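With chain A held as given, fit chain C onto it using these hints.
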Amino acid sequence: MPFTKLNGKLIEAQVFPGQKVFSQRGAMIAYSGQVTFTPNMMGGQGGVMSMIGRRIANEDTPLMTVEGQGRVMFGHGGHNVHVIDLTGDTLYVEADRLLAFDGTLQQSTMFMGSQGGVMGMVRGQVTGQGLFTTQLTGQGSVAVMAHGGVIELPITPQQPIHVDPQAYVAHRGQVQNKLSSALGWRDMIGRGSGEAFQLELSGHGMVYVQASEEKL
Amino acid sequence: MSYPPQSPYGQPGYPPQQGGLPQQGGYPQPGYPPQQGGYPPQPGGYPQQPQQYGGPQAPLPQTAAGGPVVHDVTTLPSNDNVNPYAFSVDLNGQYFLQKGKMVAYYGNIQFHGIGHGPLDALIGRSFHSPLHAADWVVAEGQGKMILADRAFDLNSYDLEDGNLTVRSGNLLAFDPRLSLKQSIIPGFLTLIGTGKFVAASNGPVHFVEPPIRVDPQALVGWADCPSPCHHYDHSYMRGVLGGIRQLTGLGGVSGEEHQFEFIGAGQVLLQSSEKLMADINIGHVPAEAGIPGAGAPSQAGRQQPQQQLPNIPGLGNLGDLGRRFGL
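Sequence order for the protein chains is A and C. Counting from 6, one number per residue, gives the positions in the first sequence under my numbering. Counting from 426, one number per residue, gives the positions in the second sequence under my numbering.
So that you can see chain C by itself, here it is in the shape it has in the complex:
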């Protein structure tokens, strides 16, 4: 599968802009010589990011004359970014998009809610779960359609017989050749198959390879099934002091006691900020035993674990505290 224009994390020479940042060089100490007077031209002061479309400082495309590029239906990119924040889809057939993310289009395109007459069949083919299909719109017809979402960075991803799991709020649009399913992990969606999809992120997306631990709020998704699990910095959770710290916040918390840990082959997608994009409703899962996020008890026998804790004499019934303190 090919991912957007970033080389995988950890390869030598990774950041393309590294050499071009004059500010990061040594700072001449005596006298602070003026840099060519006036406002320094700063060659590359806005880092050139030849590979990466989506750097927040990536300059908007400009013509040779210096003015903004004026696009028309022929010059609009086809299935590519117009700028870091807008994506142009060359539509010929159908495309799924989140409600309200289309900003402009050329051509003859109709937008319908799913379930509208003949589109009903799409639910079975592409969504596999009728419960969240109502939040999606089908764009149908021919033309070019520009997508954007509140000036968040957009990236497109090509899947070739692959799978990618993404946070529900980040997924913007996808090719109907892909099938969209709810992930077992609540709040995430999995795309399976071959095709293109567009996802938004708060800041450019960064790819890393496991093993890695990531801030839960910075996680956008993962591809090729690395195994996600929770990780706690247990020194905060352990012992009496840890318990007090956890319960009262006394002594301070670093805010990083809890991460998601990824192990295995694949890639993890991170956004450059820990500001989450709001989740969209992805529907409910049936409230059956054994289904995460369904609200049903996982096992009938473990409904009330607190009541099974021994009541330690002399301590009163501290509920879960006893377990936390290792009593």
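Just chain A, same shape as in the assembly:
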């Protein structure tokens, strides 16, 4: 596990020669050893086509490649950091929540709009996800940022979970993701409960929720 949590807002990554770590630009707090930080024009892995894909999908958070030998500390904006270890499965997360991730992980952009039709698009608007999201697959660790602490909630087929779209951070596993609404006449006249939209997650997996409704 290359990421060690130093405290709730700071992680340390061990960097070895030949092993890359990607991190959000400007998120380095300190390092020791011989480490270089290279701006990553492509915004991640893959070739030019991946870059164009990310640009179109608006998932092109500025990343940098961290290489060399040493220890690097990452933290960003005073946000809480949560380390997720992937063992061959897939994590779906917004690119701007990525603090750092292993270079061993495969990064790609996924079209979420196909899930749920028109509601899917509304969901993208409400959650701030847009129609695309970043997926990371493989063996390795991901450090995601959240406002407030992160809670993990398991999803089982018997027990779908409803999540406030603003508190949603990431999810993993075979999860169907749809926006359920409880819009009524009260919402139309501005007397709603403020919880008209919820994200309904069903399937097998895990959803990560932050203890705040503030988006990053």
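Hints should not be assumed to be uniformly reliable.
Below are the EDC-like pairs computed for lysine to aspartate or glutamate, each with C-alpha atoms no more than 20 angstroms apart in a straight line [stated by the list, open to error]:
#	chain 1	residue 1	chain 2	residue 2
1	A	K25	C	D658
2	A	K10	C	E634
3	A	K25	C	E682
4	C	K524	C	D497
5	A	K183	A	E157
6	C	K700	A	E219
7	C	K524	C	D704
8	C	K700	A	D101
9	C	K621	C	D586
10	C	K526	C	D505
Simulated DEER-style distance windows between Cβ atoms [said to hold, decoys possible]:
#	chain 1	residue 1	chain 2	residue 2	range
11	A	G23	C	R575	37 to 47 angstroms
12	C	D704	A	A216	43 to 53 angstroms
13	A	Q111	C	T500	17 to 27 angstroms
14	A	F21	C	Q535	27 to 37 angstroms
15	A	F21	C	T499	52 to 62 angstroms
Since the hints were made in silico from the structure, they are not lab data. For clarity, every value in this text was computed on a predicted model and none was experimentally measured. Virtual Cβ for every residue (Gly too), placed ideally from N, Cα, C.
Same frame as chain A, but now just chain C:
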């Protein structure tokens, strides 16, 4: 000197919460079994931080019954943190604090600006520079005083015949036995002597030992005089491409081309975020030659270095560009 409740960086078993994080363990692949149904209790899901007061997820103190702790004048900690964001000073005499950082007090305490009548003598004794003393308040009397600053993490530091240099905006309060001086490095203050002071940081403070390079915005201060210097990742600054990149931003910058490098014995204090706390005015230094940050030319002969650059024929006068491109 003893530092707050963190073990020095790099010691084995450093993060106390490491073993207690169940989420970081292997993730059972098939079936994602529900963790004991419903909302998983997550033993230690909020990492227990027995040593460290100031983790953002450190739970607020609670009574056995589960309610919040109600403090009174006897149960308030004495010269210790009430919670990660508040610090209680057991006052008996004088204490210096930044303006507006007191949130509550018990007892008989007066707050005066420095320079108020008999307190005038303090300037000479504790500040050594009259220019920034106006931003400080003297709390005088007996009682308990709670300090806080916009819910930033607070830590107290004990100096024993030591020295610690801290960014001016982070210093909150200090014991008048310490003397406060402006550092030669602009924007920093140095505390010298024996006593306690309280500093705020954006996220918990982390201690590291040199050699280390740190993000300039994450630096809170340093103790025991490691030598601070600038470090540039020179591959960006070098050659024609580097110059274009520097000037136009084309090709992207990683945002980490510039760090502070610390060499030597001592400790470096980092905050967990690169969001700076606003500096407070620490006064000016006299505009004399040889004083950094004074605005005076360092040497009379080097006032206009650009005019001394040779005007390279055929390139026009590119000013400093020529030097950057190594021409």
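Taking the hints in turn, this is what the structure says about them:
The hinted pair formed by K25(A) and D658(C) meets the criterion: a straight-line CA distance of about 18 angstroms does not exceed 20 angstroms. For the proposed pair K10(A) and E634(C), the alpha carbon gap of about 18 angstroms is at most 20 angstroms, so the pair holds. This hinted pair checks out: K25(A) and E682(C) have alpha carbons roughly 18 angstroms apart, not beyond 20 angstroms. Restraint check: the Cα-Cα separation between K524(C) and D497(C) comes to about 25 angstroms, which exceeds 20 angstroms; the hinted pair is violated.
Pair hint K183(A) plus E157(A) holds up; C-alpha atoms about 19 angstroms apart against a cutoff of 20 angstroms. Only pairs whose Cα atoms come within 20 angstroms are accepted, and K700(C) paired with E219(A) is accepted, the gap being roughly 18 angstroms. Annotation: proposed proximity of K524(C) to D704(C) holds, straight-line Cα distance about 13 angstroms (limit 20 angstroms). Our distance criterion of 20 angstroms between C-alpha atoms is met by K700(C) and D101(A), whose separation comes to about 17 angstroms.
Under the criterion of a C-alpha separation no larger than 20 angstroms, the hint pairing K621(C) with D586(C) is consistent with the structure, at around 11 angstroms. Distance check on the hinted pair: K526(C) and D505(C) sit about 16 angstroms apart at the alpha-carbon level, within 20 angstroms; holds. At roughly 44 angstroms, the beta carbons of G23(A) and R575(C) sit within the given window of 37 to 47 angstroms. At about 31 angstroms, the CB distance of D704(C) to A216(A) disagrees with the hint of 43 to 53 angstroms.
As the Cβ distance of Q111(A) to T500(C) is approximately 55 angstroms, the hint placing it in 17 to 27 angstroms is violated. Between F21(A) and Q535(C) the Cβ separation comes to about 59 angstroms, which falls outside the hinted range of 27 to 37 angstroms. A hinted range of 52 to 62 angstroms holds for the C-beta pair F21(A) and T499(C), which are about 54 angstroms apart.
Checked against the numbered hints listed earlier, the structure breaks hints 4, 12, 13, 14; every other hint is satisfied.
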